[in-house]
Amino acid sequence: MYNKERNDSIVEMFRRGGDAVRVFDLLIERYSERLYWHIRRIVVQHEEAEDILQDTFVAAYTSFDKFRGDNEGSLTAWLYRIATNLSIRALRRRRSSIFLSVDSLRNVLSADFESEIAPDGDEIAVKLQRAVVALPIKQKLVFNMRYYDEMPFEAISQVTGQSVSTLKTNYHYAVKRIKEQVTQIEL
Amino acid sequence: MSEMKKMPYRLPEGAMEEMKIRSRAAVRRADAERTAHRQEHRWMVSLAAAAVCLLVAIVGFMRFDGDALSDSPYYDELMSMMDDAPAEVIYEMTADVVWYGGDTNQL
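Keeping their order, the protein sequence lines are chains H and A.
Under the numbering used here, the letters of the first sequence match residues 1 to 187, in that order.
Under the numbering used here, the letters of the second sequence match residues 1 to 107, in that order.
If you are wondering where the hints come from, they were derived from the structure by calculation, not from laboratory data.
Bear in mind the structure is a predicted one, so any value in this text is a computation, not a measurement.
A hint or two may mislead.
[To be verified] Residues from chain H that keep clear of chain A, each with C-beta distances beyond 10 angstroms, as calculated:
id, residue
1, V11
2, I88
3, A90
4, S97
5, L100
6, S101
7, S163
8, T166
9, T169
10, R177
11, K179
[As the list claims (entries may be wrong)] Computed beta-carbon distance windows for the label pairs:
id, chain 1, residue 1, chain 2, residue 2, range
12, A, T35, H, T183, 52 to 60 angstroms
13, H, V108, A, A51, 52 to 60 angstroms
14, A, M44, H, Y173, 50 to 58 angstroms
15, H, L100, A, E13, 34 to 42 angstroms
16, H, D19, A, A49, 24 to 32 angstroms
17, A, A32, H, V108, 33 to 41 angstroms
[To be verified] No more than 27 angstroms apart at the CA atoms, straight line, and that leaves these computed lysine-lysine pairs for DSS-like:
id, chain 1, residue 1, chain 2, residue 2
18, A, K20, H, K168
19, H, K66, H, K127
20, H, K179, A, K20
21, A, K6, H, K179
22, H, K168, H, K127
23, H, K168, A, K6
24, H, K66, A, K5
25, A, K6, H, K127
26, H, K138, H, K179
27, H, K127, H, K179
28, H, K138, H, K168
29, A, K5, A, K20
30, H, K176, A, K5
31, H, K127, H, K176
32, A, K6, A, K20
33, H, K179, H, K66
34, A, K6, H, K138
35, H, K168, H, K179
36, A, K20, H, K66
37, A, K20, H, K176
38, A, K6, H, K66
39, H, K138, H, K127
C-beta atoms are modelled at their ideal positions from N, C-alpha and C, and glycine is treated no differently.
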């Protein structure tokens, strides 16, 4: 999933200037699917994920001049950071009280997931995702990006702003929790 | 790039392409708003620059005008000469300055 060379060529296109809208068409074509699933795994509901995906590209477009390429991390990490922040912001809006953490929504998200399961969904994938949805947000983020998007911990660190060692610890606890629930799946 | 792992979520048919279209449209809207904002900004900057130029011109003119009337050393010298001069000299000086085109006997 994670590919630095392809991203660098898009960054070069931006550096050369030209039609930014056309370059964003290319970006949307390449990133929509993976960003959508990244967002969906956080917010669960399709309609909300759809809106956040759109907002992610608009936010990226309006702040692309702030992107410093290799100095601030890869384009993928930057887009994931925007998508992650917008997704967490959406979850915060769904809390019943501002004093509650995003993790207080785990039961709500689990209930949402049950209504969002595809009729022809793979049973093992459903069990795995059910366990992932119930994880605390920090563990969920690192697990999703590492397992589903196959991103290196260094890139995940650029997305979340956490140290690699913290991410590895969170990933370890996430895997442990998931294994407890889905013992028949080898991760 | 490896194969994307299968996700067990419900997704309407054609939703991914629809999302791409919506995202492209949203970026174009953002671009149009940005362009309009830039043009508005340019117009405001031009207006502010014109106002500053006008202000500088007015202040410059007023200073020049004031200098000519009161701050000139020639003006002060002339005033002191006028104060000390006898009446016939004042008449001479005035006659030099104000040209009268008609018959002076008529004055």
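* To do: Find the hints from earlier in the document that the structure breaks and name them by number, from lowest to highest.
  => Violated: hints 18, 19, 20, 24, 33, 37, 38.
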